[in-house]
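Residue numbers (the UniProt record's numbering), protein chains in the order written: chain A, 1 to 142; chain B, 1 to 142; chain C, 1 to 142; chain D, 1 to 142.
These are calculated hints, taken from the structure and not from any lab test.
Heads up, the beta-carbon is just placed ideally off N, CA and C, and yes, glycines get one too.
Each statement offered as a hint is correct.
Straight-line distance between alpha carbons at most 25 Å, and here's what the computed DSS-like set of lysine-lysine pairs gives: (1) C/K106 with C/K10; (2) D/K10 with D/K142; (3) C/K10 with C/K142; (4) B/K106 with D/K142; (5) B/K142 with D/K142; (6) B/K142 with B/K10; (7) B/K106 with B/K10; (8) A/K142 with A/K10; (9) A/K106 with A/K10; (10) C/K142 with A/K142; (11) A/K142 with C/K106; (12) A/K106 with C/K142; (13) D/K106 with B/K142; (14) D/K10 with D/K106.
Counterexamples of contact, computed for chain C against chain D with all Cβ distances above 12 Å: (15) P5; (16) I7; (17) T33; (18) L35; (19) T39; (20) D96; (21) R103; (22) D117; (23) T122; (24) D123; (25) D124; (26) Q125; (27) E126; (28) M140.
Number of protein chains: 4
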Amino acid sequence: MALSPEIIEKINNSFKAQSMMRTMGAELSQLDTGLVTLTSAIPESCKQQHGFGHAALTFGLGDSAAGYAALSVMPVEAEVLTSEMKINLLAPAAGDRIEARGRVVKPGRRLVIVQSDVFAITDDQEVHIAIMTGTMVPIMPK
Amino acid sequence: MALSPEIIEKINNSFKAQSMMRTMGAELSQLDTGLVTLTSAIPESCKQQHGFGHAALTFGLGDSAAGYAALSVMPVEAEVLTSEMKINLLAPAAGDRIEARGRVVKPGRRLVIVQSDVFAITDDQEVHIAIMTGTMVPIMPK
Amino acid sequence: MALSPEIIEKINNSFKAQSMMRTMGAELSQLDTGLVTLTSAIPESCKQQHGFGHAALTFGLGDSAAGYAALSVMPVEAEVLTSEMKINLLAPAAGDRIEARGRVVKPGRRLVIVQSDVFAITDDQEVHIAIMTGTMVPIMPK
Amino acid sequence: MALSPEIIEKINNSFKAQSMMRTMGAELSQLDTGLVTLTSAIPESCKQQHGFGHAALTFGLGDSAAGYAALSVMPVEAEVLTSEMKINLLAPAAGDRIEARGRVVKPGRRLVIVQSDVFAITDDQEVHIAIMTGTMVPIMPK
Numbered sequence: 001m002a003l004s005p006e007i008i009e010k011i012n013n014s015f016k017a018q019s020m021m022r023t024m025g026a027e028l029s030q031l032d033t034g035l036v037t038l039t040s041a042i043p044e045s046c047k048q049q050h051g052f053g054h055a056a057l058t059f060g061l062g063d064s065a066a067g068y069a070a071l072s073v074m075p076v077e078a079e080v081l082t083s084e085m086k087i088n089l090l091a092p093a094a095g096d097r098i099e100a101r102g103r104v105v106k107p108g109r110r111l112v113i114v115q116s117d118v119f120a121i122t123d124d125q126e127v128h129i130a131i132m133t134g135t136m137v138p139i140m141p142k
Numbered sequence: 001m002a003l004s005p006e007i008i009e010k011i012n013n014s015f016k017a018q019s020m021m022r023t024m025g026a027e028l029s030q031l032d033t034g035l036v037t038l039t040s041a042i043p044e045s046c047k048q049q050h051g052f053g054h055a056a057l058t059f060g061l062g063d064s065a066a067g068y069a070a071l072s073v074m075p076v077e078a079e080v081l082t083s084e085m086k087i088n089l090l091a092p093a094a095g096d097r098i099e100a101r102g103r104v105v106k107p108g109r110r111l112v113i114v115q116s117d118v119f120a121i122t123d124d125q126e127v128h129i130a131i132m133t134g135t136m137v138p139i140m141p142k
Numbered sequence: 001m002a003l004s005p006e007i008i009e010k011i012n013n014s015f016k017a018q019s020m021m022r023t024m025g026a027e028l029s030q031l032d033t034g035l036v037t038l039t040s041a042i043p044e045s046c047k048q049q050h051g052f053g054h055a056a057l058t059f060g061l062g063d064s065a066a067g068y069a070a071l072s073v074m075p076v077e078a079e080v081l082t083s084e085m086k087i088n089l090l091a092p093a094a095g096d097r098i099e100a101r102g103r104v105v106k107p108g109r110r111l112v113i114v115q116s117d118v119f120a121i122t123d124d125q126e127v128h129i130a131i132m133t134g135t136m137v138p139i140m141p142k
Numbered sequence: 001m002a003l004s005p006e007i008i009e010k011i012n013n014s015f016k017a018q019s020m021m022r023t024m025g026a027e028l029s030q031l032d033t034g035l036v037t038l039t040s041a042i043p044e045s046c047k048q049q050h051g052f053g054h055a056a057l058t059f060g061l062g063d064s065a066a067g068y069a070a071l072s073v074m075p076v077e078a079e080v081l082t083s084e085m086k087i088n089l090l091a092p093a094a095g096d097r098i099e100a101r102g103r104v105v106k107p108g109r110r111l112v113i114v115q116s117d118v119f120a121i122t123d124d125q126e127v128h129i130a131i132m133t134g135t136m137v138p139i140m141p142k
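This is chain A alone, in the form it adopts within the complex:
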């Protein structure tokens, strides 16, 4: 289902307002209803001690992809907060870029359950580096 221009604008504005996303070199590469992908080329400033992408980079991209997936199924006036998120790390964040694909598992008025899968991509090869499951909370204006 195509997203409305208002929702697309809201998500783009929110994304641009997050300095952490800029610092992480993140781009919004897919934006569909309940399905959002973020991509990053793994900046030098976001690495761990062995030169791989830091777990906080993987987490930040996966959390934001899932959060925007949740926002895409909420009313246009809603904001969203992460309430909880679990990440299982499967492999090092090593590659040309990492891609976090967030999706809505169960929408709801009070809670939205989400998942993200994160991949490290080199040329055409994908390695699954993390799975994440969490809870997003819609915040409505008073």
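Could you slot chains B, C and D onto chain A? The hints should help.
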């Protein structure tokens, strides 16, 4: 129990080698056996869309504090990897600085179970902003 | 803070209405504001293949202890549902009985964040067998 | 890939040795490499206070399905332990039966990452009631 100079040096070197920690403005403010605290003044570059610290900042500090707590109880030649981590966010990361206190719940040769509590601090007032529980895996040289 | 007689009665009635708790041999052994303990002698019917208590027994006691801890801080007309729960298992459920101590970390109108610690007890010796963190959702009558 | 007769026998024997699974009315309804399904008709003895299946029933089935999925990819002499498991509950366990489908996300010598999806089924209709992600640890004989 006091840490050996070798372990202290190993943790300091590892910490300095993580560009993500520099980007997050993190400092190692406590380093004891099974107990490590990281502090950050919440840099402008690590915020979410409402001006609070990003969840990835809270996660990154809590994860690293817990990882170094685990490293502090391992043999000096060991490295450590996060296998999984869950975060429950309790309040916005708003304040003069945030402080992540990681500790070892159960040491082990194969797995080390850890927890972190993260606080936002303004003057002398602390707000508990996140609780984290995870699994660290010791990596021994071959 | 002492619980009101209405809340105590509500929790006792709810507890008795859970056939799973009877099957698990569970007893409500402590009931305070934001703090509830359940105890079980590990029935023969709730074991895993090596004769220890099953992870579902540990989970069930810890989840219910945390749920009743949450219920103890809600209005008397509220019900409670577990939204999510994570368990880290630290040791086998072996001993004379297991004890699950649930507590409220952060109360709230929409979400209540809880933790449980579960212990296996033999004579006077306690072994910490599980840590749990989760989210409870208050359900108000319409 | 077809499972060897030895692995099938090992899993069947382990399953029968778990009194908790009998108490939960569980049956091993699918057993493939990295993919195991357990089914239960929701016994009267495993309910919560509103007459739905208890969260411990959902957890127990999902955890065991995932554990046997992990066991199916390990050497025949290995045992398996759950190290950690997170469950997000999506809907009440109401229906004719519940079905837990466990699968291996990432096999490994030290850790096996698993997921389970749990469904409540009435006639031909499925409702997704829980998603679970966890870590299984292979235990080798000494």
